[in-house]
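From first to last, the protein sequence lines are chains A and B.
Position one of the first sequence corresponds to residue 1 (the working numbering), numbered consecutively onward.
Position one of the second sequence corresponds to residue 1 (the working numbering), numbered consecutively onward.
Worth flagging that the hints you see were computed from the coordinates, not collected in a lab.
Honestly, I wouldn't trust all of these hints.
[Said to hold, decoys possible] Straight line, CA to CA, 25 Å or less: simulated DMTMM-like cross-link-like pairs of lysine to aspartate or glutamate:
{"id": "1", "chain 1": "B", "residue 1": "238", "chain 2": "A", "residue 2": "53"}
{"id": "2", "chain 1": "A", "residue 1": "43", "chain 2": "B", "residue 2": "265"}
{"id": "3", "chain 1": "A", "residue 1": "75", "chain 2": "B", "residue 2": "219"}
{"id": "4", "chain 1": "B", "residue 1": "273", "chain 2": "A", "residue 2": "58"}
{"id": "5", "chain 1": "A", "residue 1": "26", "chain 2": "A", "residue 2": "39"}
{"id": "6", "chain 1": "B", "residue 1": "238", "chain 2": "A", "residue 2": "36"}
{"id": "7", "chain 1": "A", "residue 1": "67", "chain 2": "B", "residue 2": "226"}
{"id": "8", "chain 1": "A", "residue 1": "59", "chain 2": "B", "residue 2": "231"}
{"id": "9", "chain 1": "B", "residue 1": "405", "chain 2": "B", "residue 2": "307"}
{"id": "10", "chain 1": "A", "residue 1": "57", "chain 2": "B", "residue 2": "325"}
{"id": "11", "chain 1": "B", "residue 1": "318", "chain 2": "B", "residue 2": "98"}
{"id": "12", "chain 1": "B", "residue 1": "28", "chain 2": "B", "residue 2": "96"}
{"id": "13", "chain 1": "A", "residue 1": "56", "chain 2": "B", "residue 2": "219"}
{"id": "14", "chain 1": "A", "residue 1": "67", "chain 2": "A", "residue 2": "14"}
{"id": "15", "chain 1": "A", "residue 1": "26", "chain 2": "A", "residue 2": "83"}
{"id": "16", "chain 1": "A", "residue 1": "68", "chain 2": "B", "residue 2": "111"}
{"id": "17", "chain 1": "B", "residue 1": "30", "chain 2": "B", "residue 2": "311"}
{"id": "18", "chain 1": "B", "residue 1": "366", "chain 2": "B", "residue 2": "211"}
{"id": "19", "chain 1": "A", "residue 1": "87", "chain 2": "B", "residue 2": "114"}
{"id": "20", "chain 1": "A", "residue 1": "68", "chain 2": "B", "residue 2": "324"}
{"id": "21", "chain 1": "A", "residue 1": "97", "chain 2": "B", "residue 2": "237"}
{"id": "22", "chain 1": "A", "residue 1": "68", "chain 2": "B", "residue 2": "96"}
{"id": "23", "chain 1": "A", "residue 1": "59", "chain 2": "B", "residue 2": "264"}
{"id": "24", "chain 1": "A", "residue 1": "99", "chain 2": "A", "residue 2": "15"}
{"id": "25", "chain 1": "A", "residue 1": "57", "chain 2": "A", "residue 2": "73"}
{"id": "26", "chain 1": "A", "residue 1": "99", "chain 2": "B", "residue 2": "219"}
{"id": "27", "chain 1": "A", "residue 1": "59", "chain 2": "B", "residue 2": "265"}
{"id": "28", "chain 1": "A", "residue 1": "67", "chain 2": "B", "residue 2": "114"}
{"id": "29", "chain 1": "A", "residue 1": "67", "chain 2": "B", "residue 2": "231"}
{"id": "30", "chain 1": "A", "residue 1": "43", "chain 2": "B", "residue 2": "111"}
{"id": "31", "chain 1": "B", "residue 1": "38", "chain 2": "B", "residue 2": "92"}
{"id": "32", "chain 1": "B", "residue 1": "76", "chain 2": "B", "residue 2": "98"}
{"id": "33", "chain 1": "A", "residue 1": "34", "chain 2": "B", "residue 2": "265"}
{"id": "34", "chain 1": "A", "residue 1": "75", "chain 2": "B", "residue 2": "234"}
{"id": "35", "chain 1": "A", "residue 1": "59", "chain 2": "B", "residue 2": "143"}
{"id": "36", "chain 1": "A", "residue 1": "57", "chain 2": "B", "residue 2": "264"}
{"id": "37", "chain 1": "B", "residue 1": "64", "chain 2": "B", "residue 2": "79"}
{"id": "38", "chain 1": "A", "residue 1": "56", "chain 2": "B", "residue 2": "324"}
{"id": "39", "chain 1": "A", "residue 1": "97", "chain 2": "A", "residue 2": "35"}
{"id": "40", "chain 1": "A", "residue 1": "99", "chain 2": "B", "residue 2": "327"}
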Amino acid sequence: MELNIAGVNLDVTEDGYLNDLSQWNKEVATEIAKEEGIELTDKHWEVIAWLQDQVKKEKPLSVRGIKKSGVVDIKQFYALFPEGPLKKSTRIAGVPKPKSCI
Amino acid sequence: MKNLLILGAGTAGTMMANHLRSKLYLNKWKITIVDQYKTHYYQPGFLFLPFDTYTENQVKKTGKKFIPIGVDYIQKKIEKILPEENKVKLEDETLDYDILIIATGSKIAPEETEGLLGPLWKKDIFDFYTYEGSLALRNKFREWEGGKLVVHLTEMPIKCPVAPLEFAFLADSFFRKKGMRDKVEITYVTPLSGAFTKPTCSTALTYLLEEKGIKMESDFAISHVDNDKKEIVDYADKAIPFDLLVTIPTNMGDEVIERSGLGDDLNFVPTHKHTLQSEAHENIFVIGDATNVPASKAGSVAHFQAETLTDNILLYMKGYTLKEEFDGHANCFIETGNNKALLIDFNYVTEPVHGTFPFAKVGPLKLLKESVFNHWGKLAFRWIYWNMLLKGIAIPFVSRNMSFKGKIFDIKKSPKTN
Chain A
1 MELNIAGVNL
11 DVTEDGYLND
21 LSQWNKEVAT
31 EIAKEEGIEL
41 TDKHWEVIAW
51 LQDQVKKEKP
61 LSVRGIKKSG
71 VVDIKQFYAL
81 FPEGPLKKST
91 RIAGVPKPKS
101 CI
Chain B
1 MKNLLILGAG
11 TAGTMMANHL
21 RSKLYLNKWK
31 ITIVDQYKTH
41 YYQPGFLFLP
51 FDTYTENQVK
61 KTGKKFIPIG
71 VDYIQKKIEK
81 ILPEENKVKL
91 EDETLDYDIL
101 IIATGSKIAP
111 EETEGLLGPL
121 WKKDIFDFYT
131 YEGSLALRNK
141 FREWEGGKLV
151 VHLTEMPIKC
161 PVAPLEFAFL
171 ADSFFRKKGM
181 RDKVEITYVT
191 PLSGAFTKPT
201 CSTALTYLLE
211 EKGIKMESDF
221 AISHVDNDKK
231 EIVDYADKAI
241 PFDLLVTIPT
251 NMGDEVIERS
261 GLGDDLNFVP
271 THKHTLQSEA
281 HENIFVIGDA
291 TNVPASKAGS
301 VAHFQAETLT
311 DNILLYMKGY
321 TLKEEFDGHA
331 NCFIETGNNK
341 ALLIDFNYVT
351 EPVHGTFPFA
361 KVGPLKLLKE
371 SVFNHWGKLA
381 FRWIYWNMLL
391 KGIAIPFVSR
401 NMSFKGKIFD
411 IKKSPKTN
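With the hints as constraints, model all of the structure from the sequences given.
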């Protein structure tokens with residue numbers, strides 16, 4: 001499916017996650033964040049960069065991983081991305097939603 | 001004489017011993033396998049023990065029975081791997097190796113969650129990922145009079161990622177049969193965005209939860225267990241009350257990996273996802289749950305890995321380039337209760353698909369659809385495990401890499417929406 005943000009057609013999954021990280025940029029992130037009701041601050045961008053780095057290294061994303069990230073602690077993570085922080089932060093970061101095998 | 005050393009005689013290690021025993025000249029290579037435990041468990045059976053479907057004796061056998069003659073089996077604790085010296089320290093001796101295969105698996109780490117090992121552990125809080133936990137839960141279920149049953153998954157990755165969901169389905173069936181389903185409220189709690197996280201599966205399978213009256217709590221990252229209030233609490237202070245909590249604690253690699261400085265945060269060994277060679281040492285290979293590869297931690301995955309790894313070890317011995325062959329192939333039955341099951345087949349890049357398995361059109365097994373046949377398949381698998389899989393006998397018509405024959409890729413991209 002496609003999502004049009006700032007005049008660009010983005011290739012996204014049915015639940016609105018980018019299929020291709022190379023289509024991601026800060027403008028895209030800002031728009032997706034707005035949809036999620038979040039205004040991005042410096043701390044958000046740090047978390048986003050960390051998430052993208054983990055995904056490039058093929059490391060599984062988990063809330064526990066956040067604890068060890070050195071970027072934010074879990075309480076802050078929840079404060080930055082309320083209600084389903086992993087789900088929202090990954091969508092804004094343009095990386096796949098953490099999945100199980102089904 | 002050179003030494004090939006295998007650490008761990010579980011599913012993966014035992015399969016490797018059998019594969020390599022038939023491929024290596026025993027006057028050139030001495031094969032040794034080390035495991036401190038005497039008993040080999042059929043771990044998929046732990047799912048059925050609590051519901052009295054299997055008995056104790058159906059899920060355990062003496063491990064030595066499955067190690068081929070000609071392979072040296074040492075039953076001792078592994079203290080430390082010394083990769084710079086090509087040695088492994090056991091409790092009272094040190095072994096040299098030319099090639100090392102790490103197959104030390106993964107296990108639950110309940111101590112990682114605050115309050116999990118509190119006063120309610122094994123009274124009202126249980127795991128079913130260990131033999132002891134599964135048996136204790138069976139005894140609890142035999143006398144339990146009902147209430148709030150919470151099935152909870154702490155964090156990914158876990159061994160057999162579908163097991164918690166299967167557990168919820170089987171619990172529904174179990175209490176229906178007992179005539180007390182109306183007294184049991186089942187809630188499934190996951191840190192992920194839902195029970196089904198892949199589009200193909202959520203489309204095809206979401207009905208299962210509704211049909212069985214299982215409540216769902218998603219995006220729940222557990223912070224601690226409140227033993228006084230009998231609640232699990234997440235980092236947003238959301239609390240879910242329980243009378244009986246069945247939890248899958250954090251899964252971690254063996255402590256020996258941590259002691260040896262070979263693992264990541266969760267003690268899994270960084271491993272090349274297509275060759276299964278360790279990232280850090282060229283003469284160390286890793287298989288099964290012990291790796292950090294982004295495949296499911298499951299026996300079927302270890303089985304497919306074992307075929308690739310056997311070839312790669314032979315190539316490595318001759319100094320050839322390794323095959324980048326393993327594709328993350330997994331093939332799993334999912335029990336859905338009422339004597340039915342699903343079958344899924346997928347790999348690193350392809351999501352579970354519809355179709356038939358293993359033969360195009362003929363089946364007889366159906367992918368991603370409930371059927372009684374699939375349930376028989378799952379039950380028959382116990383025999384296959386003990387008699388074929390562990391011995392490294394290839395399962396007929398099921399190839400190491402995922403096959404695309406007879407499969408329907410019916411999840412089309414939705415029309416353009418602007």
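Numbered hints the structure breaks, given as an ascending list: As far as the earlier hints go, 1, 8, 14, 20, 22, 30, 33, 35 are violated by this structure, in ascending order.
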